Amino acid sequence: MKKVYLTIVITIVSLVLMACDITDSGGQENVLRIDFVEAGLGREWLVQLKEKFEAKNPGVTVKLEGNPNMTANAGPKIENNRDIADIYFLLETNWQRWATAGYLANLDDLYASEVEDGLTMEEKMVDEVIDFGKINGSYYAIPWNDGVTGIVYNAGMFEENNWEVPETFDELLALAETIKEEGRGVKPFTWPGQYSAYWNFVVYNWWAQIEGLDGMKEFYEFGSPEVFKQEGKLKALQAFELLIGDQSNSMNGVNGLIHTNSQMYFINGIAAMIPNGIWIESEMQHVIPEGFKMKMMQTPTLEGAKEPLINNPQLGDFIVVPKHAKNLELAKDFLRMMATDEALMLYTKLTGTPRPFKYDPTQIEGLSEFVLSALEIWKNSKPLYAISKNPMYFANDLNTFPRSGAPYGEIYLGDTTAEEVWQKDYEYVVSRWDEFLKNNNMN
Amino acid sequence: MKKIISIVMIIGFMALLSGCEDAREEPIYEDLGDEMMIGAWVAPPPTKDSEGNYLYITEEHYQNIKDSGIKVIYGLYDNTMPDILAALDMAELVGIDYYVYHWGLRGLFQDVFDSQGNPIPEEVESDFDTFKSIVDNFKDHKAFKGIKIWDEPSADLYKGFALYKTKFDEYLPGKDFYINLFPTYASIAQRGGVDYEEYVSQYVDLIGMEFISYDHYPLMLFYEESVLTDDYLLNLEIIANQAVKSNIPFWLFIQTISYSNITGTQTRRPTEADIRWQVAVSMAYGAKGIQHFTYWTPIEGGVESFTPGMIEVDGKKGELYEAASKVNHEVLNFDHVYLQFDWKGVLTHSADPDNVNVNFRMISPLESHKRIRSIKSENDVLIGTFKDKDNNDGFMIVNFEDPFYGKTNEIEIRFNDATHAIVFIKGEKETVKLEKGVLKYDLESGEGIFVIPY
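If you read the sequences in order, they're chains A and B.
So the first sequence is residues -11 to 431, counted in the numbering used here.
So the second sequence is residues 6 to 459, counted in the numbering used here.
Since the hints were made in silico from the structure, they are not lab data.
Where hints are given, some of them may not hold.
[Unchecked claim] Computed beta-carbon distance windows for the label pairs:
| no. | chain 1 | residue 1 | chain 2 | residue 2 | range |
| --- | --- | --- | --- | --- | --- |
| 1 | B | SER120 | A | ALA100 | 42 to 48 Å |
| 2 | A | THR88 | B | THR312 | 33 to 39 Å |
| 3 | A | LEU360 | B | LEU371 | 55 to 61 Å |
| 4 | B | GLU202 | A | ARG391 | 33 to 39 Å |
| 5 | B | GLN68 | A | GLU408 | 40 to 46 Å |
The structure presented is a predicted model; accordingly, all values stated were derived computationally and were not measured.
For every residue, glycine included, the Cβ atom is placed at its ideal position computed from N, Cα and C.
Could you build the full structure based on these sequences and the hints that come with them?
This is the structure:
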């Protein structure tokens, strides 16, 4: 009888305590949790990959948590080991510091493991990006999205007006004049003045055309302040100045626009061209008017180009696995599956975005005219991967425009000139070089 | 024997449920003179008219600050000596305090160490002379409360700050050495390579800070949709725990403006409910100061751009002036009670246990509270728990739903050992009779109530 009493008491006390239990459990065995930036690419691609993975791994559940602010949210989680996921898909941020601080899982074995047909993850990756995820001799990240950026144009408008797609910079300048003359109020360009770094998608291409990929590699190694004297950077900025420093080539009020506003003006035919990327179609899918046709053009070539066909994929989005992930091996299995041809083709089909692996997405059926035009550029161009391993870059001491950030708005407004930006960046770096070395223990 | 066992069990069970406390008389809280610190970033700028008169460093504009409930205004653009002195005069005239921001005081005591990390006496003295020559101009001014030394420092700078503070305290005893910390979502590089807890603990221990101040702007905007930062509560938890450990108060910034930057980060324009919600959440963690970011709308954003704050760029009162003022005064109406309580931790209650709020998942809340028998709610609830010197419990009960969506939250909390409760609703006191210990209340969007059951 005592046992019965005791059991009753224990049960009641447990119930009382349980009623007050308001804690939440963290990661679970056999539940692979994936946190991802849920923005322009949506979540359907991940939903379908989840289903494939669960089918191949009976008893395993994949739990998805998407949030547009995930890149900012992930840091506190990974660094404090709170509410941690097994895999993170994030936009460009300084993951290298997470790796060096010991927060990330080492992925060397994943890179060395076979994905399919005898090819390892490393072999399957586009050669130029193999080092993307490497730091201090080991792999800690995988590149997520590859990309295509440049000038997107209103293909319907071009056809209607018999405007030729320019192949050279001079032809682009001439086209801008033609649009102003024949376009019945249409302006050549719209762009987001609030996020003017969208012009990097064009200016970096011009710069790399002049310097070649080796020159760009040298720049991003930041071996000395002298790299800031590269002629290609000056010529690219001067091309921008000629094109956009002429305010009549942009619609009125661009300096107040954010990206979505400028994209709305573009799809509504207020301007004929916009600096943008392959994601624009997916980002604007719900508001694109019926019958609207757009394409991306190969960035028109500057005179004296060493490498006329350049694509700046804006590589930066990445995938990491936290060191304290509950399901480390499942996470690696999932990432391995994502590198198979089947998964890569599925990804591109659903997102309109390539990944930096060796496959041919132009063979995918059902892609839009716009995505196909961008993928042709991706396939035919040399990729400019602006990757730096220099600690001064990780510490935000050095970047492409270290003095004041993207200078396009100021050049547009006439507050500065291309040459002044170029010269002052150089002087700024020279004057602070020793300090940057000291800050990063590089003396 | 069975009877004895039964009696013991019943007593034990009742003790579990009741917390073994007797009903008490209504506690009385005299006004002991303690007040919440209410500060604000960006004082009226030193713009002048064609005749050289200040347009905004005027009695009218400073009176507006005081009327809003702000007690300390922080200089920013008024950073030359004539502007600082004019601002101090206006602050004194209306009866508020002022934090000085002077470029000449910003980088002092950083480059005074040799290669071994030891201070070089001549360099230290030289910086101290510079310091004295600047602060001598205003150190005895009645409105001078302290100096804004740095906003969002890297931990690399702490060593210099520690030396700076020693000299500061020696010369300006009783004045505030103000440094404001980064939020948890800042990068490791921004923090100087240390994790966030270390970033905060070193700030207190190495520099010897007497209060913690930090910012965290939780109201984000993506594609016209509101998103809260996932780590808003985690940040509060880390800071509040450090404050308790070091027995010092903490203050935090309240987002009273929207900003965006070139990286695409965009925060949303707050409403009155958003401001009230941030303040209530902060108080649930025992905050003893709130600071508005910003009072005056920043004139130039650099890489950031801003929508109008409490006061627009041209000096007009914006709608957020009324909203923030209202919330400030609600706090000031009952801060004399709230400040008599010590913070003890938070409880969380998820309306949908299968879909726990990510902010809740990030923290380590109390598992239970002996004074609370049960919680029911329509939506998520955050409860700050407190004790006063007489062992009375206090609870800051907050509707933890993003105020953007305007959700109300019907709550039902059953207290142990309570027949009544003092409830502060928007700063106003009500005494409520509890039926079987139950408090029912319909929290508005963004609302928090402070409850003292007895």
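Here is how each hint holds up against the structure:
1. B/SER120 - A/ALA100: 42 to 48 Å: holds, 43 Å
2. A/THR88 - B/THR312: 33 to 39 Å: For A/THR88 and B/THR312 the Cβ distance comes to about 38 Å; the hint holds.
3. A/LEU360 - B/LEU371: 55 to 61 Å: The hinted range 55 to 61 Å holds for A/LEU360 and B/LEU371, with Cβ atoms some 57 Å apart.
4. B/GLU202 - A/ARG391: 33 to 39 Å: holds, 34 Å
5. B/GLN68 - A/GLU408: 40 to 46 Å: holds, 45 Å
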